[in-house]
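Asker: Sequence lines, in order, name chains A and B. When you number the first sequence by the working numbering, it's gap-free, plus one each residue, and the end is 1275. When you number the second sequence by the working numbering, it's gap-free, plus one each residue, and the end is 170.
Check each hint, because a few of them may be wrong.
Claimed, not checked - Short derived list, chain A residues pointing at chain B, Cβ under 8 Å:
#1 Gly1096
#2 Arg1189
#3 Ser1191
#4 Thr1193
#5 Gly1206
To be verified - The calculated label-pair distances, taken between Cβ atoms and stated as ranges, are:
#6 B:Glu170 <-> A:Val1198: 37 to 43 Å
#7 A:Val1117 <-> B:Glu170: 58 to 64 Å
#8 B:Asn163 <-> A:Ala1073: 46 to 52 Å
#9 B:Asp132 <-> A:Ala1155: 25 to 31 Å
#10 A:Ser1252 <-> B:Val137: 20 to 26 Å
#11 A:Tyr1161 <-> B:Glu154: 30 to 36 Å
#12 B:Asn163 <-> A:Gln1166: 34 to 40 Å
#13 A:Gly1096 <-> B:Leu124: 30 to 36 Å
Treat the hints as calculated values from the structure; they're not laboratory data. Cβ atoms here follow ideal geometry from the backbone N, Cα and C, with glycine treated the same way.
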Amino acid sequence: MPIQTAADSISNSAGSPYGFKNRIINGAMAIDQRYAGTASASSLSGYLIDRWTIAQSTTGKLIAQQNAGSVTPPTGFTNYLGVTSQSAYTAGTNDYYAIIQTIEGYNIADLGWGTANAKTATLSFWVRSSLTGTFGATINNGGSRSYPITYTISAANTWEYKTITIPGDTSGSWGSTNGVGVQVWFSLGVGSTYGGTSGVWSSTNYVGVASTVSVVGTNGATFYITGVQLEKGSQATAFDYRDYGTELQLCMRYFQLLGSGGACGVAESATRASLTYVFPVPMRAAATGTLNAANGFLNQPQGGPNAITSMTGFFYGNGSTTTISGGWLVIDVASVLTTGKVIINSGSQGMVQFSAEL
Amino acid sequence: MYKQIKLLDGTIVSDQIKRVQDNTTIPFNIQNIDYQEYLKWLEAGNNPLPADE
Chain A
918 MPIQTAADSI SNSAGSPYGF KNRIINGAMA IDQRYAGTAS ASSLSGYLID RWTIAQSTTG
978 KLIAQQNAGS VTPPTGFTNY LGVTSQSAYT AGTNDYYAII QTIEGYNIAD LGWGTANAKT
1038 ATLSFWVRSS LTGTFGATIN NGGSRSYPIT YTISAANTWE YKTITIPGDT SGSWGSTNGV
1098 GVQVWFSLGV GSTYGGTSGV WSSTNYVGVA STVSVVGTNG ATFYITGVQL EKGSQATAFD
1158 YRDYGTELQL CMRYFQLLGS GGACGVAESA TRASLTYVFP VPMRAAATGT LNAANGFLNQ
1218 PQGGPNAITS MTGFFYGNGS TTTISGGWLV IDVASVLTTG KVIINSGSQG MVQFSAEL
Chain B
118 MYKQIKLLDG TIVSDQIKRV QDNTTIPFNI QNIDYQEYLK WLEAGNNPLP ADE
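Next up, chain A with everything else stripped away, as it sits in the complex (with noise of 0.2 Å):
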């Protein structure tokens, strides 16, 4: 006689409580690898603290920052993503303010969207404004299918819980491997073109709701959000809270820092090394190499540490661009290396950055 467990009661449509529940990577905005903390800069349209973006269609009209404003999270919350407008902008017709996930196809694919048996999922969020009103919000695949959503916003610089059911899409095509799969964009501000209609999926590109609130129209207002969950269902629940260790092994999947003693080779000459560096976690593509010099040094054996002047370049094994596991370092400094020494990074976190984000 077959044994029963819980799971076996658990239908394929509805939301598990087991695993991984929260399609959200770092939806308690816990993660802050590129900033430690600090504000992005208002220039900045790109990845904010792990796997989260900022998007200005024209810069300088936003800046973000983990806990920005220090006020008190919800319960159960130690972080929030804050938004602040540097300016009273009217949004024009092509323009788009937005933070936005988005989610590895590989890590929505049994929701079966593009297909029949699509399931229907759940979005809820903590979110606090400086204003009020109806704001907008979208689901889409990054290119031809989105579903916009409001929600409203009753009271001024108060914490709220939303929460939004959106139904499978049947139509279109989603990503289901290690692409673009779902991306979710909280507008703070919409032109006409990227703006549509709440509550029905469409096949434009719209990353808003047309008519609602723009907080990229008032000089200070404030967008705070944390929390953020994504689960099949049609019901949420309680936000599936993942141990630290978890939670950064995810993001690391996407970005992650060389931190001391992270990599070590040998001196090719006097003024180069080559170190191997094999990543913690195996990320989703292979990754682009970003070096800061003040972040770190070089060391050889009674050596250092010695200023780094440049990278020549993050090299994958046998001409391959595809390695997802790790490389070697070729790394410049002033001539003090002793050909043949061992070598190894020191400094502080992040002298390369590597980035593998969608």
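With chain A fixed as given, assemble chain B onto it according to the hints.
Answerer: Relative to chain A, chain B alone:
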């Protein structure tokens, strides 16, 4: 702006390019979003700088 990469033996690296403004090396992998941006830049009629001598 982008620049070719040259190794000590004079070989020009054929599967990476350097983004000059932030000292970033980009692998020629279509799943890398920085490489996708580089391809758009090439399509716009641009060409990378030659590697440093």
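Asker: Each hint needs a verdict: does it hold in this structure or not?
Answerer: We went through each hint and held it up to the structure:
1. Gly1096: At about 7 Å, which falls below the 8 Å cut-off, the nearest Cβ of chain B leaves the hint on Gly1096 (chain A) intact, so it holds.
2. Arg1189: holds, 7 Å
3. Ser1191: violated, 10 Å
4. Thr1193: violated, 16 Å
5. Gly1206: holds, 5 Å
6. B:Glu170 <-> A:Val1198: 37 to 43 Å: Given range 37 to 43 Å: holds, Cβ gap about 38 Å.
7. A:Val1117 <-> B:Glu170: 58 to 64 Å: For Val1117 (chain A) and Glu170 (chain B) the Cβ distance comes to about 59 Å; the hint holds.
8. B:Asn163 <-> A:Ala1073: 46 to 52 Å: The hint (46 to 52 Å, Cβ to Cβ) holds, given that Asn163 (chain B) and Ala1073 (chain A) are roughly 47 Å apart.
9. B:Asp132 <-> A:Ala1155: 25 to 31 Å: Violated, since Asp132 (chain B) and Ala1155 (chain A) (Cβ atoms, about 47 Å apart) do not stay within the stated range.
10. A:Ser1252 <-> B:Val137: 20 to 26 Å: Cβ of Ser1252 (chain A) to Cβ of Val137 (chain B): about 24 Å, so the range 20 to 26 Å holds.
11. A:Tyr1161 <-> B:Glu154: 30 to 36 Å: For Glu154 (chain B) against Tyr1161 (chain A), whose Cβ atoms are near 32 Å apart, the range 30 to 36 Å holds.
12. B:Asn163 <-> A:Gln1166: 34 to 40 Å: holds, 38 Å
13. A:Gly1096 <-> B:Leu124: 30 to 36 Å: At 32 Å between Cβs, range holds.
Hints 3, 4 and 9 from the earlier list are contradicted by this structure; the remaining hints agree with it.
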